[in-house]
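There are 2 protein chains.
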Amino acid sequence: MEFKNVTAQAKGNVYFDGNVVSHAITLEDGSKKTFGFIFAGEYYFGTEAAERMEITDGECVVKIKGEDAEKTVKAGEYFDVPANSGFDIKVAAGTAQYICSYIV
Amino acid sequence: MEFKNVTAQAKGNVYFDGNVVSHAITLEDGSKKTFGFIFAGEYYFGTEAAERMEITDGECVVKIKGEDAEKTVKAGEYFDVPANSGFDIKVAAGTAQYICSYIV
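Residue numbers (this note's numbering), protein chains in the order written: chain A, 4 to 107; chain B, 4 to 107.
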């Protein structure tokens, strides 16, 4: 999957001592996305704006803040996170990749 | 540092079991760059086209194939690698980041 006519930031974001890293792009309409890698482990991310997380490689187990049920999200699937919320995400092994879209 | 009007690939490249990962962009003139993260460790990369490696965060120690001397390359500095050659690269701790430009 590719995005045309975007502005790409060369320097990426590093979270959890490098266990989650990403690069950011800004699209023509001003909206932002990040492309990221998640390495094996369990992490919690808080949200400000609402987010759509599309898994593009590998898989993960996700629990949205305030919800009881976990769900497995595989490559080709996505999950949405409300604004001012958060989610726990687990990658059992290897690497998962994602596109995070900020829904404003 | 940012690059405007590029095409960005959402799915990245994973090398050495995730110890080196990158995302690719194609610029308006058709040239390609990758933005990458290198985690602590020692790696060897072969080259086809000549490459310019700009370190944008952290630092590394590099030895170009066929050369005897190693050199430390810090954020803001770069090293060039001839075509059909290669380089050893060491990151002592943490994460280094780079922009790789393919010189055709």
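Just so you know, not all the hints are guaranteed correct.
Which copy is meant is left open, so a pair is good if it fits within one copy or across any two.
[As the list claims (entries may be wrong)] Each computed DSS-like pair below joins lysine-lysine, with the alpha-carbon atoms no more than 27 Å apart: (1) Lys14 / Lys66; (2) Lys7 / Lys77; (3) Lys77 / Lys93; (4) Lys7 / Lys74; (5) Lys74 / Lys35; (6) Lys66 / Lys7; (7) Lys7 / Lys68; (8) Lys93 / Lys7; (9) Lys74 / Lys14; (10) Lys35 / Lys7; (11) Lys66 / Lys35.
If you are wondering where the hints come from, they were derived from the structure by calculation, not from laboratory data.
Against the structure, the hints:
no.	hint	verdict
1	Lys14 / Lys66	between (29 Å within a copy, 23 Å between copies)
2	Lys7 / Lys77	within (25 Å within a copy, 31 Å between copies)
3	Lys77 / Lys93	within (12 Å within a copy, 33 Å between copies)
4	Lys7 / Lys74	neither (32 Å within a copy, 37 Å between copies)
5	Lys74 / Lys35	within (26 Å within a copy, 37 Å between copies)
6	Lys66 / Lys7	neither (32 Å within a copy, 36 Å between copies)
7	Lys7 / Lys68	neither (33 Å within a copy, 36 Å between copies)
8	Lys93 / Lys7	neither (31 Å within a copy, 34 Å between copies)
9	Lys74 / Lys14	between (32 Å within a copy, 22 Å between copies)
10	Lys35 / Lys7	both (13 Å within a copy, 14 Å between copies)
11	Lys66 / Lys35	within (24 Å within a copy, 37 Å between copies)
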